[in-house]
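Trainee: Chains A and B, in that order, are what the protein sequence lines are.
Its first residue numbered 3, the first sequence is counted upward by one per residue in our numbering.
Its first residue numbered -19, the second sequence is counted upward by one per residue in our numbering.
Just so you know, the hints here were simulated from the structure itself, not pulled from any lab data.
The reader is advised that the hints may include incorrect statements.
To be verified - Taking lysine-lysine and the DSS-like style, the derived pairs with C-alpha atoms no more than 27 Å apart in a straight line are: (1) B:K239 / A:K124; (2) A:K231 / A:K211; (3) A:K35 / B:K138; (4) A:K74 / A:K146; (5) B:K138 / A:K100; (6) A:K37 / A:K94.
As the list claims (entries may be wrong) - A few chain B positions that, by computed beta-carbon distances, are all more than 12 Å from chain A: (7) I78; (8) T97; (9) I196; (10) I232.
Glycine included, every Cβ here is placed at the ideal spot set by N, Cα and C.
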Amino acid sequence: MATDDNNADYILNVSNLTVEISNQPILNNLNFKIKRGVTLAIVGPNGAGKTTLFRALLNLVPYSGKIEWKGKVKIGYVPQILAVRDIPISVKEFLMFKNESVQDIKAVLAAVGLNSEEVVDKSLATLSGGQMRRILIAWAIVDKPDALLFDEPTSGVDVDSEEAIYGMLRSLTAKNEITLLLISHDLHIVREYSDYALALNKCMVFFGKSKDVMDPATQKLIYGEPICKEYGDIHA
Amino acid sequence: MLETLIFSLVVAVAVGVSAGYLGSIMVLEKMALVGDALSHVALPGLALGVLLGFNPLIGGFVFLFISAVLIWHLGKITKLSFETLVGATFTLALAIGILLFGNNLDALEEALFGDITAVGLTEATAAVLISVAVIFLTKLIYRKIVLGLISEELATSKGISVARINLLYLLLVSLTVAIGIQITGTLLVGFLVVTPAAAAKIISTNLSRYYTLSAIFGSISAVSGILMSSYFNVVPGPLVVISGITIFMLAIVIRWRLKVTS
Chain A
3 MATDDNNADY
13 ILNVSNLTVE
23 ISNQPILNNL
33 NFKIKRGVTL
43 AIVGPNGAGK
53 TTLFRALLNL
63 VPYSGKIEWK
73 GKVKIGYVPQ
83 ILAVRDIPIS
93 VKEFLMFKNE
103 SVQDIKAVLA
113 AVGLNSEEVV
123 DKSLATLSGG
133 QMRRILIAWA
143 IVDKPDALLF
153 DEPTSGVDVD
163 SEEAIYGMLR
173 SLTAKNEITL
183 LLISHDLHIV
193 REYSDYALAL
203 NKCMVFFGKS
213 KDVMDPATQK
223 LIYGEPICKE
233 YGDIHA
Chain B
-19 MLETLIFSLV
-9 VAVAVGVSAG
1 YLGSIMVLEK
11 MALVGDALSH
21 VALPGLALGV
31 LLGFNPLIGG
41 FVFLFISAVL
51 IWHLGKITKL
61 SFETLVGATF
71 TLALAIGILL
81 FGNNLDALEE
91 ALFGDITAVG
101 LTEATAAVLI
111 SVAVIFLTKL
121 IYRKIVLGLI
131 SEELATSKGI
141 SVARINLLYL
151 LLVSLTVAIG
161 IQITGTLLVG
171 FLVVTPAAAA
181 KIISTNLSRY
191 YTLSAIFGSI
201 SAVSGILMSS
211 YFNVVPGPLV
221 VISGITIFML
231 AIVIRWRLKV
241 TS
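The shape of chain B in the complex, shown without the other chains (with noise of 0.2 Å):
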């Protein structure tokens, strides 16, 4: 028990940090929605894992990056926004996984909550080589990204394909919510990579400080969850939000007694 306790809170240590990295970047593209919506397109590759008897995890992140990539192609051909489409898509998926799952009821809260019993030593391997992948892979691309939306002529200018960095952002995204799946479930994993930016973002007066909070408030967030979920002995997901809104609360009391203005 104690050792999947241990797996369990380094899976959120490295989930927290690379989700709110990440998020970083999702809040200031105003994408908040998307990053929530698109992890429940994970439930249908969850439910053929569980049905076909691999790693529901890789049928997860596998779900999402395809549907990721097929929007944003959509986005480009329709002119839609991501919001748009998202939202017109993602309850689709929910659908088509809860129908998949049927009358595994169980597989079924596991999936939509997080289970971190289910966590072992291969699993925390993973998120930790992932998570560590994803957060060398976002450094690169972070500031590429900060002067696309600044200005996307000024980021063309300086040769930087704004369109290739979106598309290997979006396979990070997937990444990170395939492995926050495990500790928050796919209906919760999106508040992991919105809500710590959010808070970072309104105490922040500059990027380093912003996104540097944001990784520590991820973190904080899911390991609280962890260690609560493990002592009252319910699913994870829900308290890693409590604990993650109780952040957020407390930087709007800091912005407002300290007066920061950005």
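So that you can see chain A by itself, here it is in the shape it has in the complex (with noise of 0.2 Å):
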């Protein structure tokens, strides 16, 4: 896929991006790059590697080839699990981990569609699934990120709830141009929700539109016995 698009317009540039970890290889030769605002999401069966990608991208897992961030990037990352229930912990107290002013966190609350007065000093404990993952987009977005990496954004959410957190997150992301690669499952949502998709299963075995993972074709490419693409010079 050859583009005559300017390098300096991408936010992340990923080339030849390889992961062991115990001398088992968990992402092979990857190599992709992401403009600014765009969504991203990242499909695959589990033991991929989805998480591990995230990992290198934050610089968590020791790896070869290269991973560029354009300049001074603020990355927010939210991981699948957090381990919140056993800490007596209010929701204020959470979010001043990042962001001090008390101002700052009852906007953001309000951005993410909860009532701030309500929720602002209970106990991380006490939320339902649903509110639990707005308080973590609001954790993700309170400083202000140019790029937010989110791992199963609405697991452990209902169907209905689901769809307004993503439906949130998408106005929020377009509205601060905040570029988002999101880990998901649900094919259905990668299509609604995201402009690319890229899926792994050791290595590359997709890379396109969205609206084109549901297509027999694609999902044999991304659940079938695998087969390491080579697509050249590829970008989001």
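Reassemble the complex: the two chains are provided individually, in unrelated frames, and hints are given to aid placement.
Mentor: This is the structure:
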């Protein structure tokens, strides 16, 4: 996929990215670029290396190859699992880890559709699954990141709230021009709420427009026997 | 006599506050048993101090810290949990300590259960200075440790070195346990790290209330234990434990009556 776009437009440029953990190959030779403001979904079966890709992008695991974030980007990260159930901590205290201003915290709670007066002093352990995911989105955006890495934004949330949360995530990222990388298992969500999809199965097995992910041929690529693809110069 | 009691109470407040504050992290880390068992490791160091004629508390602290670092490294190498490693080693330390004390049963009893008559101006001043330093340093790392507990990845992505902070934390625990031994003895000092925090946790819905209550409960346990010990003329350790457990029971009743959910 040749492109004459200027490299300067890209917020992230990944080339020849390979990750091995305990001599086991987890990711093999990934190459892709992303433009500012784009939403890229990472899909693939369990153990495909999706979370490892995030960890490499955050420099949390050793890797070979190159990961270039453009300039001084601020990266927000929301892991799939947070161990907050057993810690007596209020919503305000949790968000203050990232931003000390109570005013900013109240504003961001309102932005994610929560009644800030009602939840700000509540213990995190008492929140519902949907409220917790909204708090996590608030956590991710409260210090105004340029790029956001979100691992399964709606795990543990019922279907109705899921659509609402993705809709909100989309309007927040569009409004603030945030580049969003999200891991999801739900191809319907990927098609509706992301621009591009990258499918992993230890290596890249598909990269293309998200609207194509429901095609039977594409699904076979994503969930069938892994066939590693070399796309040449590809970008989102 | 009154002077000794006043010095002991000063040590009790200092130790109670710092042990309660530090212990609130230990309970969150689910390392309560580590705090308890680790304190026994001081015994051989105390014995060496008595045998060789230097301040036993310094010996106790050195043994505590070296053991804590050793266990921390073993944990990294073997991937065994802190609990397993401490469980495997603390009885050995207890055995060696008892052998080293030999027939010096008075000194052994003092090491195991505490002795407030040995507390003077120097000990009280040292306890206050060490506690202030421990509280100050704990305050610096408290939020980082909690963030690491919530998600190690989040902490690392914010540039926090979880391993280095844990090491500093172990140093602070060793210091607090070493000064706490004067009040409760090595057998019971772990109690001051664990129970006030446990009582605080069951009635707290936010962090600041949690660690503040933990520090307050720690000092109330220690002070009331010392006062009762002076009144009844018995070793202070067991009475500190009894007053702490009373607070813990009250906390359970409060949680039940006020329906605290956390």
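Trainee: Identify every previously stated hint that the structure contradicts and give their numbers, smallest first.
Mentor: Violated: hint 6 alone.
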